[in-house]
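Just so you know, the sequences run in chain order A and B. Just remember that the working numbering sits 5 ahead of the position in the first sequence, which is counted from 1. Just remember that the working numbering sits 115 ahead of the position in the second sequence, which is counted from 1.
If you are wondering where the hints come from, they were derived from the structure by calculation, not from laboratory data. Ideal placement from N, C-alpha and C gives every residue a C-beta, glycine not left out. Check the hints yourself; a few may be wrong.
The list that follows gives simulated cross-link-like pairs (lysine-lysine, BS3-like), each with its CA atoms no further than 27 Å apart [as the list claims (entries may be wrong)]:
id	chain 1	residue 1	chain 2	residue 2
1	A	K223	B	K426
2	B	K212	B	K305
3	A	K213	B	K426
4	B	K401	A	K213
5	B	K356	A	K223
6	A	K213	B	K353
7	A	K451	B	K221
8	A	K213	A	K229
9	B	K212	A	K451
10	A	K457	B	K222
11	B	K268	A	K451
12	A	K213	B	K356
13	A	K457	B	K305
14	A	K423	B	K356
15	A	K187	B	K426
A partial selection of chain A residues facing chain B, derived with a Cβ cut-off under 8 Å [stated by the list, open to error]:
id	residue
16	V188
17	A189
18	L190
19	Y196
20	I199
21	L203
22	I377
23	S414
24	Y432
25	F433
26	F435
27	L442
28	M446
Some chain A residues flagged as far from chain B (calculated, every beta-carbon gap over 12 Å) [unchecked claim]:
id	residue
29	I102
30	I133
31	L137
32	R193
33	I299
34	P403
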Amino acid sequence: MREYTNVIVAYSIMILLIILVGVFQSWGIALSILNLCLISAVMTMGANIQWGYAGLINFGVMGYTALGGLAAVLVSVAPVEEAWSAGGINIIACLFIIIGMIFSIRYILKKFTKSKKRTYGIISLIVIGLVLLRLVSEPGIENIEAVDPAKTGFLGGLGMPILFSWIVGGFFAAGLAYIVGKVALGLRADYLAIATLLISEIVIAVIKHEDWLSRGVKNVIGLKRPVPYEIDLQNTPWFINLVEKFNSGKLKLINSVAERQDVLNQLVIDASSVYVKLCFAGMFLIVVIILLIITQKALYSPWGRMMRAIRDNEEAANAMGKNVVKEHLLIFILGSAVVGIAGAMMVTHDGLFTPGSYRPMRYTFLIWVMVIVGGSGNNFGAILGGFAVWFLWIEAAPIALFLINFFTSHLPETNVIKLHLIDSVPYFRFLMMGIGLLLIMRYRPKGIIPEKINIK
Amino acid sequence: MDFINAIVLLLNYIFVPALAYGSQLAIGAIFVTLIYGILRFANFATGDMMSFGTMVAILFTWYFQSIGISLGVLPTALIAIPFAIIFMILYMLTIDKLVFSYYRIKKSPPVQLAMVSIGVMFVTQAIVRIIIGPFDRRFFDGEKFILKATEFKEMTGLNEGLTVKSTQVITILITIILVSILFWFLNKTKTGKSMRAYSDNEDLALLSGIDPKKVVMITWIIAGILATIGGVLYGLDKSFKPFTYFNNMLPIFAAAIVGGIGNPFGAFLGGYVIAFAEILITYAYKKFFTYILPETLEPDSLIQLLSTDYKFAVSFSILVIVLLFRPTGIFKGRVL
Chain A
6 MREYTNVIVA YSIMILLIIL VGVFQSWGIA LSILNLCLIS AVMTMGANIQ
56 WGYAGLINFG VMGYTALGGL AAVLVSVAPV EEAWSAGGIN IIACLFIIIG
106 MIFSIRYILK KFTKSKKRTY GIISLIVIGL VLLRLVSEPG IENIEAVDPA
156 KTGFLGGLGM PILFSWIVGG FFAAGLAYIV GKVALGLRAD YLAIATLLIS
206 EIVIAVIKHE DWLSRGVKNV IGLKRPVPYE IDLQNTPWFI NLVEKFNSGK
256 LKLINSVAER QDVLNQLVID ASSVYVKLCF AGMFLIVVII LLIITQKALY
306 SPWGRMMRAI RDNEEAANAM GKNVVKEHLL IFILGSAVVG IAGAMMVTHD
356 GLFTPGSYRP MRYTFLIWVM VIVGGSGNNF GAILGGFAVW FLWIEAAPIA
406 LFLINFFTSH LPETNVIKLH LIDSVPYFRF LMMGIGLLLI MRYRPKGIIP
456 EKINIK
Chain B
116 MDFINAIVLL LNYIFVPALA YGSQLAIGAI FVTLIYGILR FANFATGDMM
166 SFGTMVAILF TWYFQSIGIS LGVLPTALIA IPFAIIFMIL YMLTIDKLVF
216 SYYRIKKSPP VQLAMVSIGV MFVTQAIVRI IIGPFDRRFF DGEKFILKAT
266 EFKEMTGLNE GLTVKSTQVI TILITIILVS ILFWFLNKTK TGKSMRAYSD
316 NEDLALLSGI DPKKVVMITW IIAGILATIG GVLYGLDKSF KPFTYFNNML
366 PIFAAAIVGG IGNPFGAFLG GYVIAFAEIL ITYAYKKFFT YILPETLEPD
416 SLIQLLSTDY KFAVSFSILV IVLLFRPTGI FKGRVL
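With the hints as constraints, model all of the structure from the sequences given.
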């Protein structure tokens, strides 16, 4: 039991902090922090699978998150039939051309031995394929984007419940990870970091600018939620009764009927948003717990021990007959898939998909700060990192404002430096993240909850 | 005549801008490569360090403008550069003392140093944004053009104009001077040679009496100079915005790796490779072909290989291809 005390203490402090936000700020804010903490926790679990279990650096977290988000759009939005009839054939033809290209290249690679002729053949095949793709796709894309560009202008999705996208997002991310892993996993650690970072930027560029697929920077809004809408709840009798029951003491104190009705309405509005957030929190919590159980089982299974062996001494593991390349690829795919799930969850939670908002600072480096601060190699640590860092990221501005006011309290209100500092409060979160990361790396390099390996 | 028009068109829209952009990337890439070669880590704070230097230069420029000092036709920022460099070097040496030296002495793996540099990136970004704000700022003053399109048309009687911005010429000239001094320093002076030796084989260099502290200090000083000048030149040519500078880190990394990381000359050329590739591939050649082809063959479409939205993606794809087929870069890496 003793080895779990610090875990329990750390989590209790975290939960207490969120409750404090609920008491002092509002329960709505506390719950939205909690929701994003849970999503961040899923992301950090994904990054932790790669970095903590296997020592692979993946600075492409942003790309997989965005792909997960794209999955949410492609699964949940209703198909735009006009667009399909306008250019769907071209897009499907393109798909076939790509598949044809891949298979013919594979065929050439298998059939002929390596020679200059083969290389030139493959290059010319690719060039011809690209020209063909361009010729086929261009009119189709133009037609699709011309279909009611203010509202749609893209192919739409499958019109299925958005919850499916959590799985589909995982598969999307896994597919990308397979390609990236095949290409980049042979690289040395820091090259791999740079390569994955740049590949994720390419992914974002594609999602941002291929309007026929994702509506690009025009964003997709109004995605269907898996939980009830606030406005519906506010008109449901059982919900109003529930709120009334909860606040009966408060309502009894008010005498006039009209006033009581007003107060009740306000309470119902507040309660409906809290209820929606609670539903989300419950769903996210289920995902986190399922993933935690799976990853925890995996970590302490023979497979997990093998991954640690590969991480700590690749040559030795290789000498023992473990296929390092294959296992690296596998774990890269698994970790990315988890990140993809988180990406889909995030879009589900927000109800909108904004490709322009995917920036490496927020979706790659912040996740890495979470993993490092929380404790790489330890799932409880990674989740805690997600919670603690996201909490700080959100609450940094109020804390900074408080500190600035505290330290400049002797200065007059019109002091230029004071005003300037108060204006730049939002940027103190970067400062806190940076200093936090540096301090942790210096004084507690294994994170808040370090990895524990029980050797029996 | 049409042929000359076509050439001028390419010069105006491809060659001159790519040369200027390439120079800016090249300086940044040499900065990355130096840090990688001697201090042995990928510095993710590159873009933000450049923006820090530029920020100081802008503050000095404003100060000089307010007391009425200017260079006439040249931008005031040029006088501010030396002062900014001093601040930048102090900043870098402080960071090294507080952060990096601990891991260097402990001989931590490069990955850990790269992670630490992410912490430095966060802190530097915060400092820049707190001091100067996240907004877009132009600090260029003086004569904007050396050659205007209309003047060129009058001079030569061609249809196509050639515009040469003074910032482009300043960028290219300063890059040439800076890079020649740097290569002279690395190849001819004793300190430069000791740096190369240290980069090549640390233990052997230590055995032959090279002082590692001095090498590291000189590296940070050179890095400070490069970061400031590279940043200021980019800011003069385009504009200063912390977020853009952070993003510029990506093509700079691409340039450094394409050129062979750890190889300053490769990084220098890599900058131009990336810049030319980005602009060549995203340029619409329609007008060019209307000039050189007979009228019957004139193209209808834009003849653009990729839309300009994919500018960054082009350089990254080049990087991925280079990494796939020649992981050491076009020029072999690690020969600082």
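Verification of the hints:
{"no.": "1", "hint": "A:K223 with B:K426", "in the structure": "20 Å, holds"}
{"no.": "2", "hint": "B:K212 with B:K305", "in the structure": "25 Å, holds"}
{"no.": "3", "hint": "A:K213 with B:K426", "in the structure": "13 Å, holds"}
{"no.": "4", "hint": "B:K401 with A:K213", "in the structure": "25 Å, holds"}
{"no.": "5", "hint": "B:K356 with A:K223", "in the structure": "24 Å, holds"}
{"no.": "6", "hint": "A:K213 with B:K353", "in the structure": "23 Å, holds"}
{"no.": "7", "hint": "A:K451 with B:K221", "in the structure": "16 Å, holds"}
{"no.": "8", "hint": "A:K213 with A:K229", "in the structure": "22 Å, holds"}
{"no.": "9", "hint": "B:K212 with A:K451", "in the structure": "22 Å, holds"}
{"no.": "10", "hint": "A:K457 with B:K222", "in the structure": "24 Å, holds"}
{"no.": "11", "hint": "B:K268 with A:K451", "in the structure": "66 Å, violated"}
{"no.": "12", "hint": "A:K213 with B:K356", "in the structure": "21 Å, holds"}
{"no.": "13", "hint": "A:K457 with B:K305", "in the structure": "50 Å, violated"}
{"no.": "14", "hint": "A:K423 with B:K356", "in the structure": "23 Å, holds"}
{"no.": "15", "hint": "A:K187 with B:K426", "in the structure": "25 Å, holds"}
{"no.": "16", "hint": "V188", "in the structure": "6 Å, holds"}
{"no.": "17", "hint": "A189", "in the structure": "7 Å, holds"}
{"no.": "18", "hint": "L190", "in the structure": "11 Å, violated"}
{"no.": "19", "hint": "Y196", "in the structure": "7 Å, holds"}
{"no.": "20", "hint": "I199", "in the structure": "5 Å, holds"}
{"no.": "21", "hint": "L203", "in the structure": "4 Å, holds"}
{"no.": "22", "hint": "I377", "in the structure": "6 Å, holds"}
{"no.": "23", "hint": "S414", "in the structure": "19 Å, violated"}
{"no.": "24", "hint": "Y432", "in the structure": "4 Å, holds"}
{"no.": "25", "hint": "F433", "in the structure": "7 Å, holds"}
{"no.": "26", "hint": "F435", "in the structure": "4 Å, holds"}
{"no.": "27", "hint": "L442", "in the structure": "4 Å, holds"}
{"no.": "28", "hint": "M446", "in the structure": "6 Å, holds"}
{"no.": "29", "hint": "I102", "in the structure": "18 Å, holds"}
{"no.": "30", "hint": "I133", "in the structure": "15 Å, holds"}
{"no.": "31", "hint": "L137", "in the structure": "15 Å, holds"}
{"no.": "32", "hint": "R193", "in the structure": "8 Å, violated"}
{"no.": "33", "hint": "I299", "in the structure": "27 Å, holds"}
{"no.": "34", "hint": "P403", "in the structure": "16 Å, holds"}
When each numbered hint is compared with the structure, violations occur for hints 11, 13, 18, 23 and 32.
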